[in-house]
Structure formats: C-alpha cells, structure tokens
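J.: What follows is the residue order along each chain.
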Amino acid sequence: MSGNILVKAVHLKKYYPVRTSFLESILRGERIFVKAVDDVSFEIKRKEIFVIAGETGSGKTTTGKLLVGLEEPTSGEIYYNGEKISGIPIKKWKKHGLRKKIQMIFQDPYESLNPRQYVFDILAEPLIVNKVVSSREELYDRIMRKLEEVKLIPPEEFAFRYPHELSGGQRQRVVVARGMILEPEFVVADEPVSMLDASIRANVLDLLEEFRSKYGVTFLYITHDLATARYVGDRIAIMYLGKFVETGPVDEVIQNPQHPYTKALVSAIPVPDPEYARKKKRFELYGEIPTPINPPKGCRLHPRCPLAMDICSREEPPMVKVGPDHYASCWLLAKR
Amino acid sequence: MPRKEVLRIEKLKTHYYTLGGIVKAVDGVDLRVYKGELVALVGESGCGKSTLAFSIMGMVPPPGRIVSGKIYLSDINLVELSDEELRKIRWSKVSMVFQGAMNSLNPVMKVGDQIIEAMLYHDVISRPEEGRSTVKHLFELVGLDPNRIDSYPHELSGGMKQRVVIAMAMALNPDLIIADEPTTALDVTTQAKIMEVLKDVQKKTGVSILLITHDLPLVAEVSDRVYIMYAGKIVETGDVFTIFKSPRHPYTQGLIGAVPSIRGPKKKLVALPGEPPDLRFPPPGCRFHPRCSKAMDICGKKEPPRIEFGPDDFVSCWLFAKEGERK
Ligand SMILES: Nc1ncnc2c1ncn2[C@@H]1O[C@H](COP(=O)(O)OP(=O)(O)OP(=O)(O)O)[C@@H](O)[C@H]1O
Ligand SMILES: Nc1ncnc2c1ncn2[C@@H]1O[C@H](COP(=O)(O)OP(=O)(O)OP(=O)(O)O)[C@@H](O)[C@H]1O
Ligand SMILES: [Mg+2]
Ligand SMILES: [Mg+2]
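Sequences listed follow chains A and B, in order. Start counting the first sequence at 12; every next residue gets the next number (the working numbering). Start counting the second sequence at 826; every next residue gets the next number (the working numbering).
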C-alpha cells in the first residue's frame, strides 16, 4: 500500500516537438523540443492541497494534464494509490476505475462550458457517461445536491440556465460542480479563480476547502498567484521553465524563500499595505522568463540571476534540504 | 501653494443605449487628478472603469455616449469640443494605454514606425527621419534598448511590448496618461517592472497618471490617491493610506477584507456576498445595498449623500450621514 501518499510523480518529463522547417532541422542536426515539464518528482499526500505556482509557460498546466491522463509523459512515472498509472492509455482509464476518481477543473469558465447546454446537462453528462446513476430521480437528486454544495441556491433555479445566463462567479461554481459531480478522490484545479474578481474569489476557494473536509478530496491547485496559494495550500512547489526550484510548506516557502527565483517572485508581489510597500526592498532578476525551447544550460535561472556563479552556467544544481520538509535547488545552498 | 489640476470630471454620465436597455456604466462621477500624481481608479469587472477612460479620450464606442457632465483638461471642457478639436488634444494633452494594447500592436509594422506614424499624424514631426531619434529617446525612457525600434511585435516579450505601448503614450509628451489595466496580462515579476517604468517616466517628466485596475495590492504599492468605483459610481475616495488603513465605505472594507496578502498573519478571507448588479437595472437607493452587511432601511430607498471629510476625501454612504438626514 502507498500509505499516506495518494499521488506520486517520478522524474516526470513532457517534451513537445517544435515544428521547424526541414532546412532548419538539417542545419541544427537535431529535433527541437519545448521542454514543458523537465524532470519533476513530487508526492501528494491524501487530503492535502498541494500547490504548483509559477509564471506563464513554466509548465504548470502540462504537469496537471499529465496527472489526469490528458497528456502522456515523454518519460517518468506516475503512481496513484501505489499503482502505476502512467502508461495506461486514457481510453482504458474507465476500465481501471480512474476516470471517476481523478478530475481536472480548468482555468477558463468561458471556454470550458458548452454554451448550448443547460447547467443540468453539463452536470448530467459525466454521470450518464460513467453510468453512475441508475434512475432519473437519482440523476436529478445528485445534480441538485451538487449545485447546493457549490452554493448555487436554490438549485432548481440554476439547473435550467445556460452558461451565458450566469455571472462569472456562478459559472466558475458550475465548473467546480462539474469537476466534483463524480465525487472524485483527486482533483487538479488549474487557476480556478484567476478570472474572478477579488471580492468573490474567496468564496470559490472556500469550496475547495469544503470538499476536502467533507469528502476528503485531495487537490493539486495550480496558480500563478502566491497570495491565493497561501490561503488554500498546505505545501507548494515553485516551478520555473519546466522544473521545480523550491518546495516546502506554503507559509515557509513564502515567508522564508531560499531560491533566488522564489525570492524574486515573492518580492514582486504587491502587498495591500501602502506603508510597508514603500519601505520594502525588491529582489530583482534580469530580463523576463524565456521560452522553454532550448532552456539555458546548468541552472535555468542563471542568465537572469544576480547571484549567479561560475558553476551555475555549467552544472545543474541539486535539490538540497534547507529546512524541515523544505527543499531548494540552487548552487548557493549546496555544499560543494 | 494649490496643486495644479490636470483633470477634473464633474457629474459625468456615460450610458450605452442597447436594445436590452440603458447600461448606466458611468453614472454621476466626480474625479480629479493633479499634476505629477498617480491616481488609481479601482473597481470590479464591469463597474465602468474603461467607459470612464473612453469618455475622457472622447472615444466612447456606440451605442454609448456621454449623457451629461463635464470633463476639464486644464480648463478646456472636452465634452463641448468638436471631433476635430478633440483630435488635436487627444494624445498631446491626454493619452491612453488601452486595456490589452500590447496585443493590438500592428504585427506587420516595426514598433518604432508605429510610434513615428502617430507623431506624423499629429504634426509633431514633419518627416519620418526626424522621428527616429525621438523614438530612441522614448525607448530609453521606458527602459528599452533603442535598437529595438526596428523590431516587429512578435520579436518582443510581453513586458517589452508593454514598454513600447507606454513609449507610444508618451510620444506627444502629454500632461496625463490613462493606463487601463497596464499589467493585467503580465507575470508578477514583469508587472513589477512595468509599474516601475511608469513611476520612473513620471519622475522624469512630471506626467500625471490615472491608473485603472481591479488589483488592490497594486494600488497600495504605487498610487498616491484612490477612487473606489462601484456599479458606475464613485463610492469613496481618499489618499492611499486612508483607503487601506481606515476605509469607510462598507464596499471598500469588503474589498480589502477579501484580498489575500503574502505578508503578515494569515487572516480569514471574507468574500462579499452576491455579485455586482446588472447596470441596466441597478438597485434603487445605494447600488451596493443588496450586498452590504450594514444596510439600513433608507439604503434601499434613497441614494446616499456624499459626505466630505476634506478636499478629494469623501464617502457616499448613509452610515456617515447625520441622524436627521437619514430619512
Ligand atoms: N500541446 C502543446 N504543444 C506544444 N507546446 C506546448 C503544448 N502545451 C504547452 N506547450 C508549451 O509548454 C510550455 C508550458 O506550458 P503550460 O501550459 O504547461 O504552462 P503554464 O505554466 O500552465 O502557463 P500559464 O501560466 O500561462 O497557464 C509553454 O511554453 C507552452 O507553450
Ligand atoms: N459597447 C458596449 N455596449 C454595451 N454595453 C457596454 C459596452 N461596453 C461596455 N458595456 C457595459 O458597460 C459596463 C461597464 O463596462 P466597462 O468596460 O467600462 O467596465 P470595466 O470596469 O472597464 O470592466 P473590466 O474591469 O472588466 O475591464 C458593463 O456592464 C459593460 O457590459
Ligand atoms: Mg496554465
Ligand atoms: Mg475595462
């Protein structure tokens, strides 16, 4: 048995080939890849909310898709409940009972809901496809209960509306309801609130917490926003160009960042306190995040890092322990 | 010495006349910007921020139009100007960084040429060659390598494109820049840099900035004064310290209570109940009353008065009205 660990990723990689002209590929003499996820290992505990945070293009969504079977890893393994699930094609997930257990909630409620379906039908589809209800009454009851759980009350009033007849916040609740309708054990929530205004974000985040405490759901929460990460997450991984650069308990990583990238990220985040903001010293990197095509050799951050040393451009830094359950991969922290 | 007023808006109403009804997007707004200030206009999606900006630029898209009110740009009331007169003032006195502008740069034209074209159009220069050195200076001003003037948009990162857009807004040396969500699509580290660019440009040129955003923490970091907008109206204004340390309006309090911070003890986030109203059918009385935990009888009946605490320091809320007035 896998004990306390529900999801485990080992040396996970996902490379996408870049389409290039025939001539260019001959000139380069090799195929070019976007190294979206490049050797990432982690464990997610049962009932945990594990966060992956990072800037655009760092590989967060791709990691999430690998875990739910929407993408196949280029290499590496994924274990679920102790059983290896990487390598099982998505078509066979249903047979293995994985389809119901593992779900993903996507970031954009406008794109991920069919505009021509009633909320009821949006929620009914997974129940019917996965044959988890045996009667119309059961179908109806389950949908109404789920709508209530995501606070779309009274549920009868929301069930027969189209997505465009809902506000942004309500639509996002429908997206959450759909992700939860099969009562999954593990849910990847990809930026579930980034399209919402601050005043209603907290409500949707509270839903994740409620599903965790009520049904023991385990979450991977993907975000670029460390402030919301802090409110929902237990542990966090900071991702940069396809790699984890730092992992640890959320508060520890945010209050006491060790990797220069995490430091820069934390210090760039505005704080809603004008007095503190005017005093704070910023730790800045050079330039902007490059594309993960041909990422820099050695430490991927080195061209942007003001603290870079010789070795950083030559060798990849190891992950080192910097505190209880707190790890970072930086040559400054490694004993050489 | 009194501060020099760059922009003064009085009782502005801008509505959209749609088939489904009249959208009262800006509904009686007063707002002021002084020379060299960074003023933030904050509010949730759809509360009318961009519409207010378009009104100042004289570019309200149909079916919208300015219904009433005044917009003074250093003593000239823009609302009374003809299109031709407006055209002259636009960009040279007030310019705008549009929401999402960095993605609407012309993809087949060099970024420098796009700025030169704008300068030619406004007779700032008479020949394109004259423009190149000006544009190089502008690029330096916004922290871009001057050689980038011959780049195409796709060769630039998001942050660089946003700098181009800011350079463009500075091209005619305006008194005021309206920056509509200038950092929303950018990563936090890039966002921080772009805000620094704006502050830096301001320090060097003395330009005033009206920053439009829904990002409260950002406002806390960069602005001098803040206007809080809700459903087409300004509900509170004050200097940035007052707004964040002792907000008066329940909406402002609610917004601040709902915003997570990476600093300090982890407080419980309290979301505001409900959502902003449909601006075709705003609630009677105070537009915020259906979501307000402190709402009284009168709040659903009569629009709240404006209670002034000083110049550019007011709240529109019945809680602050004298006992006798609350009927
Ligand atoms: N199907 C695909 N084919 C080719 N490249 C891809 C594909 N999906 C993602 N990528 C690339 O992989 C990298 C990582 O993308 P991913 O969507 O995982 O990033 P992300 O961290 O979720 O970013 P964001 O914050 O913008 O959502 C990006 O450079 C992206 O362009
Ligand atoms: N061209 C238009 N026709 C009809 N209604 C419009 C038009 N443009 C905007 N509106 C409506 O006017 C209101 C205010 O819109 P506006 O774009 O000014 O809001 P905003 O505060 O800038 O929002 P956001 O933060 O999402 O940019 C909204 O209810 C919107 O639906
Ligand atoms: Mg993503
Ligand atoms: Mg807008």
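Just so you know, the hints here were simulated from the structure itself, not pulled from any lab data. A hint or two may mislead.
Once the Cα atoms are required to be at most 30 Å apart in a straight line, the calculated DSS-like pairs of lysine-lysine come out as [unchecked claim]: (1) B:Lys838 x A:Lys292; (2) B:Lys1091 x A:Lys290; (3) B:Lys1147 x A:Lys292; (4) A:Lys292 x B:Lys1127; (5) B:Lys1093 x A:Lys291; (6) B:Lys1119 x A:Lys58; (7) B:Lys913 x A:Lys291; (8) A:Lys225 x B:Lys1024; (9) B:Lys1091 x B:Lys913; (10) A:Lys290 x A:Lys308.
Quick caveat: nothing in here was measured; it's all calculated off a predicted structure.
J.: State for each hint whether it applies.
T.: Tested hints:
no. : hint                 : verdict
1   : B:Lys838 x A:Lys292  : violated, 42 Å
2   : B:Lys1091 x A:Lys290 : holds, 21 Å
3   : B:Lys1147 x A:Lys292 : violated, 44 Å
4   : A:Lys292 x B:Lys1127 : violated, 47 Å
5   : B:Lys1093 x A:Lys291 : holds, 24 Å
6   : B:Lys1119 x A:Lys58  : violated, 37 Å
7   : B:Lys913 x A:Lys291  : violated, 42 Å
8   : A:Lys225 x B:Lys1024 : violated, 48 Å
9   : B:Lys1091 x B:Lys913 : violated, 51 Å
10  : A:Lys290 x A:Lys308  : violated, 36 Å
Against the hints set out earlier in the document, violations occur for numbers 1, 3, 4, 6, 7, 8, 9, 10.
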